[in-house]
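Spelled out from the first residue to the last, the chains are:
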Amino acid sequence: MSQKKIVPLAVDVFENDAELLVVADLPGVTQDKVDARIEQQRLSVSATRADGVTFERTFRVPAEVDAERVTATLKDGVVSVKLPKVGPKTRQIPVSAT
Amino acid sequence: MLLFTRPNRSKNGLSGYFPPDPFAMLDRFEREFARTPSWPELNVHEDKDKITLSAELPGVSASALDVSVNERTLTILAKASAVAPEGYETRRKERVNYTFSRELTLGEQIDASAITASLKDGVMTITLPKRPESQPKKIAIST
Chain A
1 MSQKKIVPLA VDVFENDAEL LVVADLPGVT QDKVDARIEQ QRLSVSATRA
51 DGVTFERTFR VPAEVDAERV TATLKDGVVS VKLPKVGPKT RQIPVSAT
Chain B
1 MLLFTRPNRS KNGLSGYFPP DPFAMLDRFE REFARTPSWP ELNVHEDKDK
51 ITLSAELPGV SASALDVSVN ERTLTILAKA SAVAPEGYET RRKERVNYTF
101 SRELTLGEQI DASAITASLK DGVMTITLPK RPESQPKKIA IST
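From first to last, the protein sequence lines stand for chains A and B. First residue of the first sequence: 1, per the working numbering; consecutive thereafter. First residue of the second sequence: 1, per the working numbering; consecutive thereafter.
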């Protein structure tokens with residue numbers, strides 16, 4: 001039954017002020033088989049299914065992503081990777097009256 | 001011959017573009033046909049005692065999958081939405097919204113009352129058990 005087959009992941013990338021959100025289809029993959037990692041500003045998502053099908057995709061992520069706080073969740077065969085941005089987007093500068 | 005009717009392109013000045021070539025029309029028909037919603041694929045696997053249907057339906061939750069049997073017709077309907085979540089802007093869009101819809105006629109050997117369906121990690125599996133009397137029986141040879 002085992003077949004060697006590498007499938008490139010189809011992904012969506014969304015963004016808001018706080019984070020980037022990468023969404024990819026991983027049908028038939030269980031949580032323990034998903035491997036998401038960030039190395040040198042590259043996010044790679046890979047997963048191997050029981051039947052031998054391997055899903056794989058690597059992206060370059062912008063420098064402002066906080067690699068330490070990246071999280072991934074899997075639901076209904078779809079993985080969502082949240083990449084929080086570093087630091088506050090805007091900084092309020094206090095204005096002092098003279 | 002209705003199937004081979006071409007759309008009227010005369011407004012675009014393209015009326016002379018397609019020669020009245022029946023093979024060209026057939027080719028066009030085939031391309032249209034290939035675009036029919038046959039994705040995601042439905043896999044069918046037959047065993048001695050059952051037929052198993054399976055499909056990869058990423059993003060479909062159990063509540064968005066509807067499987068029903070009416071007389072000898074099995075209907076499968078699922079919808080998956082791949083829209084941007086609230087408050088996010090789209091930067092890249094490769095996944096699509098899709099509807100998975102199939103209607104199958106069950107053979108007499110299928111026990112419609114014993115059909116089971118499951119959805120796990122975005123993969124749907126439907127088991128169609130065969131009636132015991134329709135399964136092959138090995139006949140012992142007496143010597």
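Think of the hints as simulated: they come from the structure by calculation, not from any bench. We put the beta carbon where it would ideally sit given N, CA and C, even for glycine. One or more of the hints may lead you astray.
[To be verified] Some, not all, of what chain A presents toward chain B, calculated at C-beta under 7 angstroms: (1) Val7; (2) Pro8; (3) Ala10; (4) Asp12; (5) Phe14; (6) Glu15; (7) Asn16; (8) Thr30; (9) Val34; (10) Val61; (11) Ala63; (12) Glu64; (13) Ala72.
A quick look at each hint next to the structure:
Proximity of Val7/A to chain B is violated relative to the hint, the smallest CB-CB distance being about 10 angstroms (cut-off 7 angstroms). Interface hint status for Pro8/A: violated, as the beta-carbon distance to the closest one in chain B is roughly 10 angstroms, over 7 angstroms. Interface hint status for Ala10/A: upheld, as the beta-carbon distance to the closest one in chain B is roughly 4 angstroms, under 7 angstroms. Below 7 angstroms, beta-carbon pairs count as interface contacts, and Asp12/A has one with chain B at about 5 angstroms; its hint therefore holds.
A distance limit of 7 angstroms between C-beta atoms decides the matter here; for Phe14/A the minimum to chain B is near 4 angstroms, and the interface restraint holds. For Glu15/A, the suggested interface contact is upheld, since its CB lies about 5 angstroms from the closest CB of chain B, less than 7 angstroms. Annotation: interface hint on Asn16/A holds; nearest CB of chain B at approximately 5 angstroms, less than 7 angstroms. Here the hint on Thr30/A is kept, as its CB sits about 6 angstroms from the closest CB of chain B, short of 7 angstroms.
This hint is violated: Val34/A has a C-beta 10 angstroms from the nearest C-beta of chain B, more than the 7 angstroms allowed. Checking Val61/A against chain B: minimum C-beta separation of about 11 angstroms lies over 7 angstroms; hint violated. Here the hint on Ala63/A is broken, as its CB sits about 16 angstroms from the closest CB of chain B, past 7 angstroms. A cut of 7 angstroms between beta carbons decides the hint on Glu64/A: the least distance to chain B is about 14 angstroms, and the hint is violated.
A cut of 7 angstroms between beta carbons decides the hint on Ala72/A: the least distance to chain B is about 15 angstroms, and the hint is violated.
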